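Start from the sequences, fold in the hints, and give me the full structure.
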Amino acid sequence: MSLLEVTDLAVAYGDMIALEDVSIEVAAGETVTVLGANAAGKTTLLRAISGLVSARRGSIRFDGEPLLAVPSHERVARGLGLVPEGRLVFPFLSVEDNLRLGAFTPKARSRADATLERVYAMFPRLPERRRQMAGSLSGGEQQMLALGRGLMSLPRLLMLDEPSLGLAPILVQEVMQQVAAIRDEGVTVLIVEQNVHQTLKLADRGYVLENGRLTLQGAASELAASDEVRRAYLGL
Amino acid sequence: MQLALQILVNGLLLGGLYALLAVGLTLIFGVLRVVNFAHAEFMMLGMFGVYWVWHLTGLDPYLAVLVVTPLVLLFGIVCDRLIIQRTIGAPEVTVVFATLGLSIFLQNAALTLWTADIRSVTTAYSGMVLTPFGLRVSVPMLISFTVAMLAAAGLWLVLTRTLYGKAIQAVAQNREAAALMGIDVRRIYLWTFSVAVAAAGAMGGLIAPLFTVYPRVGISYIVTVFVIVVLGGLGSVPGAVLAALLIGLIEAAAGFLFGAAWAELSYFLIFLAVLIARPQGFFGRRGAEVFAGR
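So the protein sequences, as listed, match chains Z and L.
Numbering follows this note's numbering, in which position 74 of the first sequence is assigned residue number 74; successive positions increment by one, without gaps.
Numbering follows this note's numbering, in which position 21 of the second sequence is assigned residue number 21; successive positions increment by one, without gaps.
It is possible that part of the hints are untrue.
[To be verified] DEER-style ranges, computed between Cβ atoms:
(1) Z:Arg-213 with L:Leu-71: 52 to 58 Å
(2) Z:Gly-166 with L:Leu-272: 36 to 42 Å
(3) Z:Arg-111 with L:Gln-6: 54 to 60 Å
(4) Z:Arg-131 with L:Ala-273: 42 to 48 Å
(5) Z:Asp-15 with L:Leu-272: 44 to 50 Å
(6) L:Val-67 with Z:Arg-111: 40 to 46 Å
(7) Z:Glu-128 with L:Pro-70: 56 to 62 Å
(8) Z:Gly-166 with L:Leu-275: 33 to 39 Å
(9) L:Phe-105 with Z:Arg-131: 42 to 48 Å
[Said to hold, decoys possible] In silico DMTMM-like cross-links for lysine to aspartate or glutamate, where the CA-CA straight-line distance does not exceed 25 Å:
(10) Z:Lys-107 with Z:Glu-96
(11) Z:Lys-201 with Z:Glu-185
(12) Z:Lys-201 with Z:Asp-227
(13) Z:Lys-107 with L:Glu-176
(14) Z:Lys-107 with L:Asp-60
No wet-lab data here; the hints were simulated from the structure.
Note that the structure is a prediction, hence the values are computed from the model and not measured.
For every residue, glycine included, the Cβ atom is placed at its ideal position computed from N, Cα and C.
Spelled out as structure tokens, the structure:
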């Protein structure tokens, strides 16, 4: 059984259809990516899974349990984490407060000290800035903080929405390495990323979204080799 | 010199009372993004509550505050459930009408229940005055001021030192990101609103032995408190306390120098001057009222 099972999901903003008949699965331990052009519906998919937008039709199951009636904050408690696009750190709270809030759910809170140590070890620049306001960090540091904060909830599935967006090329490398490190820790990852080439190297499987519908799916290596993906997303 | 000191003391004592009312109003705005026009009506309820407990049982008014404040908190929970939660995400006009409607409703409910009579709470120590260094300090005023300041400081400590308080700040800074941390945003709204209006109720109870009690008493406070909240920076708790003390000082000084009629006019003039120089208020951040704690 898959950890995450999205079946025939439809999402609309008013009359505008954002997602139609989207079905994806993520098994425990896998790294899965969703590719697609801007406005293809990738962010909407992740937001629907975390409950920030509501679904018109379809179903979402996590660990076999239906999720659609479950509010966002409770989905986090069940082990579903999202590092949102644009990072959304709390700018006027310290780095450490941001991280501790990541472990707000009771289960994560009881292990917050140990998780914090792990996160600090993973992102050595964060402990140096622990008392600084999150809003005063650079873009790359804020992304690290957002990733670390996402890990603080001890997610069983961590969804990453465009983690390298808006970062300088050298930082993009660093962030992708960190995503790989998160995967290597055994966290199941569902990632949306413009940086298709590197993401396909990191992922096991992938889906391609076009105008709110799935057009292609398969192993990451197959997708990387397919003409369609090479032309549309790799610029080859 | 003695006179200047006396004005300083009077002003600070008055400002400290405003502070407890202003802190709640600024929190509700910063966290819920709701402008609570009914805020001073919760103060009025606290005043009447203390009046009736004192009148009917003879309990000391300051002890009555301890009875009345939890009741105002409960009433705040009811108002949040019935009215405020339903306006979250609605257009701003809806929110304004909802809280303004609540304000008018509460005033008229009080008028119906308790008539327009002006009442006052008197105690054995009502007229008692301390005279340190030749200054005159009213004892009940000093008690009310001290309790109000302690309550404001307590709120501040909860906000900045506890995880739950930081969760409140997180909701103020980005409610969607807060939900992604597993924070129940609606519950934060509920507690912020009801604790803030309970603080208004407590402030009402504290001033019941000092000022007259009547259904429309809130009107004379709400404008002052809005000035304080904007002056301090929308959403800023320390800003609200600082601005409250300042407004208290200005009111006391202008009242003494130019007469009572000038008191309000002078702080509005200063208010305008500050807004021209620093539109976000003392502690506010331009453009976004993004925080509650600092």
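Evaluated hints:
1. Z:Arg-213 with L:Leu-71: 52 to 58 Å: holds, 57 Å
2. Z:Gly-166 with L:Leu-272: 36 to 42 Å: Because 40 Å falls inside the window, the suggested range holds.
3. Z:Arg-111 with L:Gln-6: 54 to 60 Å: holds, 58 Å
4. Z:Arg-131 with L:Ala-273: 42 to 48 Å: violated, 36 Å
5. Z:Asp-15 with L:Leu-272: 44 to 50 Å: holds, 46 Å
6. L:Val-67 with Z:Arg-111: 40 to 46 Å: holds, 42 Å
7. Z:Glu-128 with L:Pro-70: 56 to 62 Å: The hinted range 56 to 62 Å is violated for Glu-128 of chain Z and Pro-70 of chain L, with Cβ atoms some 45 Å apart.
8. Z:Gly-166 with L:Leu-275: 33 to 39 Å: Holds, at about 35 Å.
9. L:Phe-105 with Z:Arg-131: 42 to 48 Å: holds, 47 Å
10. Z:Lys-107 with Z:Glu-96: Holds, because 19 Å separates the two Cα atoms, which is no more than 25 Å.
11. Z:Lys-201 with Z:Glu-185: holds, 17 Å
12. Z:Lys-201 with Z:Asp-227: holds, 17 Å
13. Z:Lys-107 with L:Glu-176: Satisfied, since the Cα-Cα distance of roughly 21 Å is no more than 25 Å.
14. Z:Lys-107 with L:Asp-60: violated, 46 Å
Consistency with the previously given hints fails for numbers 4, 7 and 14, ordered from lowest to highest.
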